[in-house]
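Residues per chain are reported as follows:
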Amino acid sequence: MAEVTNWQLNRAMYYPYEESRPTRQAAAVFDTNKCIGCQTCTIACKTCWTSGQGQEYMLWNNVETKPWGSYPLAWDVRELQLLGPQTWDGDTYTGNTIFEAAPAGERNIAWKPTELDYAYPNRGEDETNVSITTKRYNLKLPHDMWFFYLPRVCNHCTYPACLQGCPRQSIYKRPEDGIVLLDEERCRGYRVCFEACPYKKVFYNHTTKISEKCVFCFPAVEQGIQPRCMRNCIGKIRSFGFLSKPEEVREDNPIDFLVHVRKVGKPLYPQFGLEPNVYYIPPIHVASDDFLTMLFGPGCLDSIAAYKKAMNGEDPELLAALLLAVSTDRIITRFKLVGNRVHAWAENGDQVVDMPLKVPTVERVPFDPDLNVYRYNFT
Amino acid sequence: MAPTTQQTSRRDLLKVAAVGTGAAVLAASCSDDEEYTGRGVRVLRASEVPLDPFHDIWRDAPFTDVTLGPQDVALPQRVKPSVTKVRVRSVHDGKKIGFRLEWNDTEVGDKTIRVDDFRDACAVLLAPGDADESLRLMGSAETPATLLHWKADWERIVSKGDEGLDQAFPNRSVDTYPIIHEIPADEVGIDSYVAANATEWLPAIHVKNPVAGKAERASSVEKAIAYSFSTTTSAPTQDAEGRGKWIEGDGWRVVIVKPLGARDEGEIALKPGTVATCAFAVWSGGNRDVGSRKCPATKVEALELDA
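Top to bottom, those sequences are chains A and B.
According to the numbering used here, the stretch in the first sequence is residues 1 to 379, in order.
According to the numbering used here, the stretch in the second sequence is residues 1 to 307, in order.
It is worth saying that the hints were derived from the structure and are not from the lab.
Everything numeric in this text was worked out from a predicted model, so none of it was measured.
Just to be clear, a hint being listed does not mean it is correct.
To be verified - Some chain B residues well away from chain A (every beta-carbon gap over 10 Å; in silico):
(1) D52
(2) D72
(3) A74
(4) P184
(5) P203
(6) R253
To be verified - With a straight-line cut-off of 25 Å between C-alpha atoms, the simulated DMTMM-like cross-links for lysine to aspartate or glutamate are:
(7) A:K46 / B:D175
(8) B:K111 / A:E127
(9) B:K111 / A:D183
(10) A:K46 / B:D116
(11) A:K46 / B:E187
We put the beta carbon where it would ideally sit given N, CA and C, even for glycine.
Generate the whole structure from the sequences, applying the supplied hints.
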């Protein structure tokens with residue numbers, strides 16, 4: 001075991017391999033407040049990557065409804081139960097990671113799903129946290145009665161559990177962009193990665209009998225194009241780009257800005273210890289700080305406060321960074337707010353976004369005196 | 001462990017017998033359920049190497065009981081072995097060498113379709129040297145090991161065909177599969193993709209993963225070369241054969257056969273009248289044994305080939 005730095009835990013932790021961060025890390029920030037659970041991302045991925053025989057129950061991208069939804073069945077609560085108490089002292093995690101809690105003879109704790117656990121991808125969809133039949137709830141913020149959508153893909157973790165679990169080293173993390181890939185030629189279908197990943201984002205192909213996982217659409221990323229699930233997001237909740245190393249943060253990099261500067265993007269279950277690289281802006285309407293802290297770590301409440309500030313017009317730069325989500329198919333590496341306009345550039349210097357922070361609106365009076373008619377706006 | 005006085009004296013007697021009367025007499029003295037009292041595993045010279053685990057020739061070969069233990073070297077480990085003993089018999093006919101392994105297992109694991117299906121399996125490790133203990137766990141960087149890995153799910157495919165998706169998932173419902181949409185979903189198989197030149201939809205098959213699923217197989221044994229843990233690589237020439245039978249209440253009887261000669265880089269060439277290193281391992285699918293979660297022999301054995 002090597003001692004490595006996990007900035008999400010604010011401490012060193014143990015991992016089987018030495019720390020080796022990629023030059024830059026392909027990463028995403030998902031705004032849960034904007035997700036409408038339309039599953040367009042799921043279908044965009046499914047039709048592209050996993051529509052072959054043997055992949056029927058395989059969803060590299062899924063959207064589950066929290067608190068009750070999960071795919072595979074109860075994946076997170078079962079992992080958390082195995083992990084035991086998860087304690088934080090301020091921003092420092094004082095509990096065990098899945099590697100530190102490993103039983104004898106194993107590299108990490110691991111819940112081992114069965115086939116039935118994959119049979120209910122929509123379990124809990126649109127179910128509220130409490131039953132609406134037992135009590136009358138008034139609409140207020142945050143809501144007493146709530147749910148929110150949690151879109152999930154592989155987190156392309158800095159310390160992937162799948163990678164360290166594989167006894168054949170069939171899984172590797174690319175040094176140029178941090179994308180975690182599974183070598184389809186080398187894998188022997190042992191399914192240790194499948195068990196090891198606490199997010200359960202490695203899957204088993206029933207026909208080829210070899211494991212498979214999200215590739216972050218690397219052929220597109222190599223050409224400066226965002227992954228399909230990001231590009232096709234109807235709610236424009238997904239910001240995709242490259243996260244810099246913690247000591248090399250650039251304020252004009254939108255992903256760095258959201259994660260490291262304004263700190264609105266929070267990792268999912270950081271206590272697992274994988275340093276996942278898909279970040280979430282926590283939902284602002286959930287009246288359970290404990291639940292949110294369990295999912296997104298102790299900084300989630302500050303994240304919500306910062307997000308609200310941006311939405312109230314008090315942080316135009318943050319609003320600008322958020323507005324870049326799905327504003328272009330190209331991968332944005334730099335942005336700037338100038339007056340009321342957000343500018344963004346791709347890696348090769350092409351300007352790919354030029355849009356107003358606040359869209360100009362025209363109010364049309366109902367009565368047109370020239371034609372002597374009334375017009376009604378219905379939108 | 002040092003041999004006991006009794007063991008030593010039995011071996012000494014056997015040596016005297018072998019020297020005094022010749023190998024033919026020794027071979028003739030081996031009969032059903034006779035334990036080999038020499039060193040390691042004796043490879044009896046026979047008229048043929050039968051694939052049938054119940055062929056009479058196997059009864060003539062003396063057996064060696066090999067103790068299996070935990071795999072506690074590489075992670076993940078199998079700390080408590082699922083199977084603790086395998087009985088080994090071996091014969092050669094001057095061209096091929098065969099092993100018959102038998103071990104107890106209370107349930108058959110011959111499917112790998114579902115995520116929680118794990119197969120029963122066994123393997124023979126062959127390496128040069130006279131019971132070279134340093135090669136017990138998959139050879140070494142300098143001295144590769146030849147692995148003969150029999151897999152119960154491959155055996156099933158060879159003998160009666162694989163379990164289909166429709167059997168594994170009786171409630172599944174698929175309208176159509178892209179690219180090969182003209183074929184009714186229930187009739188789609190690996191061959192459908194191959195025929196349509198659309199194996200991109202079966203990634204591991206597209207990149208020619210040697211152990212990826214197949215609708216048909218010629219053999220239930222994979223020949224592989226390894227240079228220690230994590231390095232097992234399927235050999236280019238797949239010339240090992242196998243046959244396995246599971247008996248209710250009694251477990252597996254598996255025969256593994258390969259040519260004595262070597263055809264691939266790193267493969268061991270065995271010669272009659274010589275000694276080599278061998279080891280064995282068993283996987284119990286019902287206990288989720290797979291990969292390094294296995295029950296290897298606690299020590300290597302000398303593989304003594306009759307002249």
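Here is what the structure says about each hint:
no.: 1; hint: D52; result: 28 Å, holds
no.: 2; hint: D72; result: 7 Å, violated
no.: 3; hint: A74; result: 6 Å, violated
no.: 4; hint: P184; result: 12 Å, holds
no.: 5; hint: P203; result: 5 Å, violated
no.: 6; hint: R253; result: 25 Å, holds
no.: 7; hint: A:K46 / B:D175; result: 15 Å, holds
no.: 8; hint: B:K111 / A:E127; result: 37 Å, violated
no.: 9; hint: B:K111 / A:D183; result: 23 Å, holds
no.: 10; hint: A:K46 / B:D116; result: 23 Å, holds
no.: 11; hint: A:K46 / B:E187; result: 21 Å, holds
Consistency note: the structure conflicts with the earlier hints numbered 2, 3, 5 and 8.
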